[in-house]
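Order-wise, the sequence lines are chains Z and R. For the first sequence, this note's numbering gives the first residue as 1, with consecutive numbering after it. For the second sequence, this note's numbering gives the first residue as 1, with consecutive numbering after it.
Hint data in this document are derived by calculation from the structure and do not stem from the laboratory. Computed from a predicted structure; not experimentally measured. In this text, a Cβ means the ideal position worked out from N, Cα and C, and glycines have one as well. Just so you know, not all the hints are guaranteed correct.
[Unchecked claim] Straight-line alpha carbon distances no greater than 20 angstroms define the calculated SDA-like cross-link-like pairs of lysine to any residue that follow: (1) Z:K117 x R:I17; (2) Z:K108 x R:N90; (3) R:K137 x R:D166; (4) Z:K117 x R:I114; (5) Z:K300 x R:S226; (6) Z:K117 x R:K117; (7) Z:K108 x R:K117; (8) Z:K198 x Z:H227; (9) R:K117 x Z:I114; (10) R:K108 x Z:H227.
[Unchecked claim] Under 7 angstroms between C-beta atoms, here's a sample of chain Z residues computed to sit facing chain R: (11) S71; (12) S72; (13) A77; (14) K78; (15) I80; (16) D93; (17) F222; (18) Y223; (19) I230; (20) C290.
[Unchecked claim] Listing some non-contacts, in silico: residues in chain Z with all C-beta distances to chain R over 10 angstroms: (21) D40; (22) T176; (23) E210; (24) Q236; (25) N319; (26) S333; (27) F338.
Number of protein chains: 2
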Amino acid sequence: MTNMTIYDISEKAGVSIATVSRVLNGSNNVSEKTKKKVLDVINQYEYTPNAFARGLGLNSMNTIGLMCADSSDLYLAKAIYYIEQLLRANGYDSILCCSGYDLESKEKAMDVLISKKVDSVILIGSNYIYEKDEDNKYIVDAAAQVPVMLLNAAFDAPNVYSIVSDDFTSMYEATTQMIHSGISDILYFYNSTSYSGKRKLAGYRTAMEEHGLLKSGNLMQFYSGSHEDIHAMGSQLEKAAEKGLSFHGVIAADDNLALGAVKYAQNAGLRIPEDLAIVGYNNSLLTTCCTPELTSIDNKLETLCQHLITTLMGVLTGNEMPKKTIFSGEIISRGTTFSK
Amino acid sequence: MTNMTIYDISEKAGVSIATVSRVLNGSNNVSEKTKKKVLDVINQYEYTPNAFARGLGLNSMNTIGLMCADSSDLYLAKAIYYIEQLLRANGYDSILCCSGYDLESKEKAMDVLISKKVDSVILIGSNYIYEKDEDNKYIVDAAAQVPVMLLNAAFDAPNVYSIVSDDFTSMYEATTQMIHSGISDILYFYNSTSYSGKRKLAGYRTAMEEHGLLKSGNLMQFYSGSHEDIHAMGSQLEKAAEKGLSFHGVIAADDNLALGAVKYAQNAGLRIPEDLAIVGYNNSLLTTCCTPELTSIDNKLETLCQHLITTLMGVLTGNEMPKKTIFSGEIISRGTTFSK
Chain Z
1 MTNMTIYDIS EKAGVSIATV SRVLNGSNNV SEKTKKKVLD VINQYEYTPN
51 AFARGLGLNS MNTIGLMCAD SSDLYLAKAI YYIEQLLRAN GYDSILCCSG
101 YDLESKEKAM DVLISKKVDS VILIGSNYIY EKDEDNKYIV DAAAQVPVML
151 LNAAFDAPNV YSIVSDDFTS MYEATTQMIH SGISDILYFY NSTSYSGKRK
201 LAGYRTAMEE HGLLKSGNLM QFYSGSHEDI HAMGSQLEKA AEKGLSFHGV
251 IAADDNLALG AVKYAQNAGL RIPEDLAIVG YNNSLLTTCC TPELTSIDNK
301 LETLCQHLIT TLMGVLTGNE MPKKTIFSGE IISRGTTFSK
Chain R
1 MTNMTIYDIS EKAGVSIATV SRVLNGSNNV SEKTKKKVLD VINQYEYTPN
51 AFARGLGLNS MNTIGLMCAD SSDLYLAKAI YYIEQLLRAN GYDSILCCSG
101 YDLESKEKAM DVLISKKVDS VILIGSNYIY EKDEDNKYIV DAAAQVPVML
151 LNAAFDAPNV YSIVSDDFTS MYEATTQMIH SGISDILYFY NSTSYSGKRK
201 LAGYRTAMEE HGLLKSGNLM QFYSGSHEDI HAMGSQLEKA AEKGLSFHGV
251 IAADDNLALG AVKYAQNAGL RIPEDLAIVG YNNSLLTTCC TPELTSIDNK
301 LETLCQHLIT TLMGVLTGNE MPKKTIFSGE IISRGTTFSK
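Take the sequences, apply the hints, and build the full model.
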């Protein structure tokens, strides 16, 4: 078996990639002559059976590869759970590689999955897309072999499908709502500059700017410690306050960070939400663990996952599916903010 | 390639399984004559290269298969994280299958992993071992092909290695400590009857019994809802109290359930720990999320994972390793119990 890709077939058969894809997916919109050209190349080069080959009745393992940076992250773990359930319901097995956060490990994990003859790779979380095009080459290369699905990241390349939550708008609305409740010094607390992380920050900035409240960089606090160390998060806010930073609201990029703000308020003797209003993100299990319970943004993870699987199943059966789909989040109000 | 196992080789070569293993792992403690017998059988039947074959320089994918019931469970997710890190540090990739909780899905997930030519399968969590021997056949079968490692479950079979936390003693000690602090009506709150679940319950029962406090079954409350629904957990305790059940302490089988008890106390206006003392299990992220912070049992998950990988690496390089290793847990005292 060779490592021939859909691109190689396209080149050798002298037809477009889309045509090869149609043939491989068993579409009827291809002439017999074109179909023969493609099949001849495939037979000649013993094209490795994979997802594209399903339409030809070649053997597929019915296995989907999943990748996430860190399965101990609550949000990613939940996404894995939904996706695995949905795949199983569709008759697919799944195998997961935890890639870590650095590019080299991601490339390696991608190689592992592709070598396991998966029918598609699903990248879970927004850390897989880089600003430099060359850093996204591992995705383009993988997509030359199997469809690549992105959960909460967007990237435009052939055979890559993006399902994203509108993090910008969610953060914009949460910030605007807090401003309208009478708070003008709102601290933004974040720990990621991923695709999603940047969109969230931009939502906060835009809302503050529109209200003439974007003054100094100090109100944007980046946290670089462990995502489980609630005390360290609280300490960082405590130190910022000791240095004279004044804030009566915290918008956090995830629920863990928001709990850090709750911890800070409790240690400093601040009333929530009267002295400090707090909004988290992800609407996770953690929202019900603290007192008062945490207002948080539900970014509709389950819906995102359902749509991702629907899109993938469409792609695997040769249908044309949207390359990018965007869902809106929703603010779930609890005790850490003023009721509307 | 055939699906020949180490057992088949042993039988056809007329040598013991241990000897086949030694040959396959490249050990020097085998005579040339015996080695030849084994290699002849392998060559004759085109034995599928796998972990045992590494010693012969046959191709290994250096991939370990992991299985867990549900990656969105905090404890399991953490275990996956540690194990993946440790495997990577040892030059191994890993692929994970989330099997769900029913036996048929577990058997299926095992087939998937074995079909991916993994060098070993690690079963994470204590739900993989059943009381009936026939229900554990999928593990025995897998172990005939590759070493099977159990994290926090114990099962005695060839090529199966168990690394367990002493859940019985941990629960026994936590219960005894609470009794000594002056509480005699201690409720046990649990949601699993797995290997580990039964050991924990037995620890509580034994401590209560030894102090003449084991009176009725009511104090042992089984919760069957979602492991994320803190409110439902709290409601169950509220209903039990309304029906006249009296308890001034709660020992919970995991931190989520303990937070349900915290929620119940807050809603009922009970002071923690004065009116209700609470102990959780796993010493997870959740312990620092509530007020007061949660006393919990640290069952040394990271140590367990480290030892599991050390054992596995030993097995894969042909060393004789202990079949069962037991670690002790430790009570981490925080605000939900009286200090000693």
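Status of the hints after comparison with the structure:
1. Z:K117 x R:I17: violated (32 angstroms)
2. Z:K108 x R:N90: Holds: Z:K108 and R:N90 sit about 15 angstroms apart, inside 20 angstroms.
3. R:K137 x R:D166: Violated, at roughly 25 angstroms.
4. Z:K117 x R:I114: holds (14 angstroms)
5. Z:K300 x R:S226: Satisfied, since the Cα-Cα distance of roughly 19 angstroms is no more than 20 angstroms.
6. Z:K117 x R:K117: This hinted pair holds, its Cα atoms lying about 12 angstroms apart.
7. Z:K108 x R:K117: holds (18 angstroms)
8. Z:K198 x Z:H227: holds (18 angstroms)
9. R:K117 x Z:I114: holds (14 angstroms)
10. R:K108 x Z:H227: violated (34 angstroms)
11. S71: holds (5 angstroms)
12. S72: holds (4 angstroms)
13. A77: holds (5 angstroms)
14. K78: holds (5 angstroms)
15. I80: Constraint on Z:I80 satisfied, holds at 5 angstroms.
16. D93: holds (4 angstroms)
17. F222: With Cβ-Cβ at 21 angstroms, over 7 angstroms, it is violated.
18. Y223: violated (15 angstroms)
19. I230: This interface hint holds because 4 angstroms falls under the 7 angstroms limit.
20. C290: Holds, because the Cβ-Cβ distance from Z:C290 to chain R comes to roughly 5 angstroms (cut-off 7 angstroms).
21. D40: holds (29 angstroms)
22. T176: Given that every Cβ of chain R is farther than 10 angstroms from that of Z:T176, nearest at about 28 angstroms, it holds.
23. E210: Answer for Z:E210: holds, closest chain R Cβ roughly 33 angstroms.
24. Q236: Per Cβ check, Z:Q236 is outside 10 angstroms of chain R; nearest 15 angstroms; holds.
25. N319: holds (26 angstroms)
26. S333: holds (16 angstroms)
27. F338: At roughly 21 angstroms from the nearest Cβ of chain R, Z:F338 sits farther out than 10 angstroms, so the non-interface label holds.
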